[in-house]
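Peer 1: Construct the complete structure from the given sequences, taking the supplied hints into account.
Line by line, the protein sequences are chains A and B. Per this note's numbering, the first sequence starts with residue 1, numbered consecutively. Per this note's numbering, the second sequence starts with residue 1, numbered consecutively.
Don't read these hints as lab results, they were simulated from the structure. Glycine is no exception: its CB is placed at the ideal position from the N, C-alpha and C atoms. No false leads were slipped in.
Below, in silico cross-link-like pairs of lysine to aspartate or glutamate (DMTMM-like), each with a Cα-Cα straight-line distance of 20 angstroms or less:
| hint | chain 1 | residue 1 | chain 2 | residue 2 |
| --- | --- | --- | --- | --- |
| 1 | B | 33 | A | 240 |
| 2 | A | 93 | B | 45 |
| 3 | B | 33 | A | 211 |
| 4 | B | 30 | A | 211 |
Just the calculated beta-carbon pair ranges, DEER-fashion:
| hint | chain 1 | residue 1 | chain 2 | residue 2 | range |
| --- | --- | --- | --- | --- | --- |
| 5 | A | 83 | B | 76 | 34 to 42 angstroms |
| 6 | A | 28 | B | 69 | 53 to 61 angstroms |
| 7 | A | 69 | B | 29 | 31 to 39 angstroms |
From the derived model, a few chain B residues whose C-beta atoms are all more than 10 angstroms from chain A:
| hint | residue |
| --- | --- |
| 8 | 4 |
| 9 | 16 |
| 10 | 17 |
| 11 | 22 |
| 12 | 25 |
| 13 | 28 |
| 14 | 68 |
| 15 | 77 |
| 16 | 80 |
| 17 | 85 |
| 18 | 87 |
| 19 | 112 |
| 20 | 144 |
| 21 | 179 |
| 22 | 195 |
| 23 | 197 |
Take a look at the letters that make up each chain.
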Amino acid sequence: MRVMAQMGMVMNLDKCIGCHTCSVTCKQAWTNRSGVEYVWFNNVETRPGQGYPRTYEDQEKWQGGWQVGRRGKLQLRTGSRLKRLLQIFSSPKLPSIQEYYEPWTYDYETLTNAPLQEHTPVARPRSLITNEPMNIEWSANWDDNLGGAPELTQDDPVLKKISAEIKERFEQTYMFYLPRICEHCINPSCAASCPSGAIYKREEDGIVLVDQDRCRGWRQCVTGCPYKKVYFNHRTGKAEKCTFCFPRTEIGLPTVCSETCVGRLRYIGIVLYDADRVLEAASTPNDQDLYMAQRSIILDPHDPQVVHAAEQAGISRDWIESAQRSPIYALITKFEVALPLHPEYRTMPMVWYIPPLSPVVDALTDTGHDGEDAGNIFGAIESLRIPVEYLAELFTAGDTDLVTGVLKKLGAMRAYMRDLNLGRPPDESIATAVGMTGQDIEDMHRLLAIAKYDERYVIPQIHAEQGPRQEEFDTGCSLDYEDGPGMGGWGPFGESSGGSTPIAVENFHMLAARQTADTMAAPGEKAQRVNLLNWDGKGAPEGLFPERPEESAALQGADGGGVGEGSPAVTDPKP
Amino acid sequence: MSSTLEILLWVVVPYVSLAIFVVGHYWRYKYDKFGWTTRSSQLYERRLLRWGSPLFHFGILFALGGHVIGLGIPESWTAAVGITETMYHVVAVGIGAIAGFCTLAGLAILIYRRRTVGPVFSATTKNDKFMYLVLTATILFGLSNTVLGAAGEGGHYRDSVSPWFRSIFYFQPQPELMAAAELGYQLHALSALLLFAIWPFTRLVHVFSAPLGYFTRPYIVYRSRDPQLGSRRAARGWERVGGDRR
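Peer 2: Okay, here's the thing in structure tokens:
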């Protein structure tokens, strides 16, 4: 057993309202540059729909991901290494920019310099690729909210797998949103396709990154990724992809898309997995068994043997504890409501989804039934085959029983919690019907519905283990030499000896002390004196002025300060 | 004794060009790893590239192989294993002509594409244009030499150009050999030397990224997080456990 930690995400699709805040903030943070105008590391698709880039899920066409060869050996769908290198001069399966969309801007200058005319001047769209005027005919999200259906949605590769009768009826049935980022796969086919070895998986947290200094622009990763989440920067000639916002997650902050998600539907945490069994799991012959195969390599972080092996593998204690508290582990393994996106691509994706129940409930309510009654909802999930089959094509390689099972759990949670909220006795039989206990359901409800920040994001920090070197040192501190006096605390000769404390560090401790202390800062200790640089101007905390013996009582006014218009006596000098 | 011009053209120029070639690549790799790329334009256009690029690249790889054999292997060696001059000539000219025309056809398609497809043209730098000019000239001179050789009017490079080329690397240059070579070969060599001199500063550097390591490396690359956050090295005693595991 070789234990490795993997950062992952779970998205609760029931809560996605398709507002695209995640996409927009991600774009602002990462891809608002020339060359990646068309790139959305995070995009939100309306399903059924073609997706972005168009029909990317059609692997017969795009040849992404892995497949099991004739002798049961796992290989890239594009063939052998030799075959790929022979095709390197013109990658045959690379989507063109039209498959994504041609990015554009508007000719805003016309609005200001157009001559006087009867009609308001118009800023016409201009291509950012050719700089010529263009007609906007497609974009990253053209079929948002089924815009243009059914002409556009009939090209949905997932829908094509479902029978004709269902296809005709699906448009009256439902739609939902699917936010997508890079899957940070355990078995990434983009990395396997990279001729230069520039795409790597980080040992510490499993995040898949492109080394920009090693990438040579061979474009094989774009073909290799079945989710089409590696993009080619047409200005720099390098591949770029979602970084899981590693500069943020390294210090324990959630990714930009998660942080800004108004529906609070994203969960971030780590899981521990057995790296030795990845190949075996990815080679599982039957597509529908891949979900369980991937579950089987995810280790139980509470198991003492796993903990021991993790410690042997150099995973630190706080990471193991984070894995034990991980919301994604709970949703994947404990509650079993999260499912991987397209497990049949065999890349072992690590962004999982809780399939949406809302369309079922809505459809049920539309028919005049009580959409949250346990009896009704269980029956409805069985009879509403269309959403279930569609969801199964997305999340379980077509295994409808798994999706039904998850939807029943979500339905049971609604029914069970409704009883509690209405002050009725809890009906344990609802929980039993889906193989859970009432407590499980309440825990799941807390995680899914209450969704506290600290419980949604359990992100262990990266251990820099680099000792006393912080950003101020990089701007050139004169004391920064080996065995220098260092910083923090006093030197051997009292408070003015030793190195100076960098302002950032001093501010940080000062603010932390003021936020957590019960009283205003006292001047006794250097660390508690008021630093004028970070004094927020409110009141006059103690320590702002030197204390005078006879007035010390007056200074302890009810308002916590004594200096101001209402207290001239205090500021007036006394003889 | 060789004239000053001969020494300049066939001793000084080659060494300057090769020095720029070697040192230039070292410099470029050290300071511009980020700029070291194929700068593919396939995203903009793929129909013409589908034909032009493989034709050009495979053609020029064969041509490269031909040059290695033709310039690197002395006539005496091939004669020693029983290959006659005529046999050698027929094979070399035959394969060389096919490879050369493939290269030229590919290059023609690629240049046509570059000029006519809007996005590709606007992504073309002055550097690219100059490089294309020198590259095309070199290929045309080379191909004309091969064609003339096939027509029987020349093609005697194995006793002039080849020994001169090898003499450069022995550091005992023999400019008089090259001075005696046919004009076509002289022009081909000069334009090639110019190409070598500009090589490190153009997109041609991607030749040295030919991903041969792909055959031997494992599919999935694991790498530890960069041990160093800022621009400074960690203080002594604060190195990461296990060191750099890249």
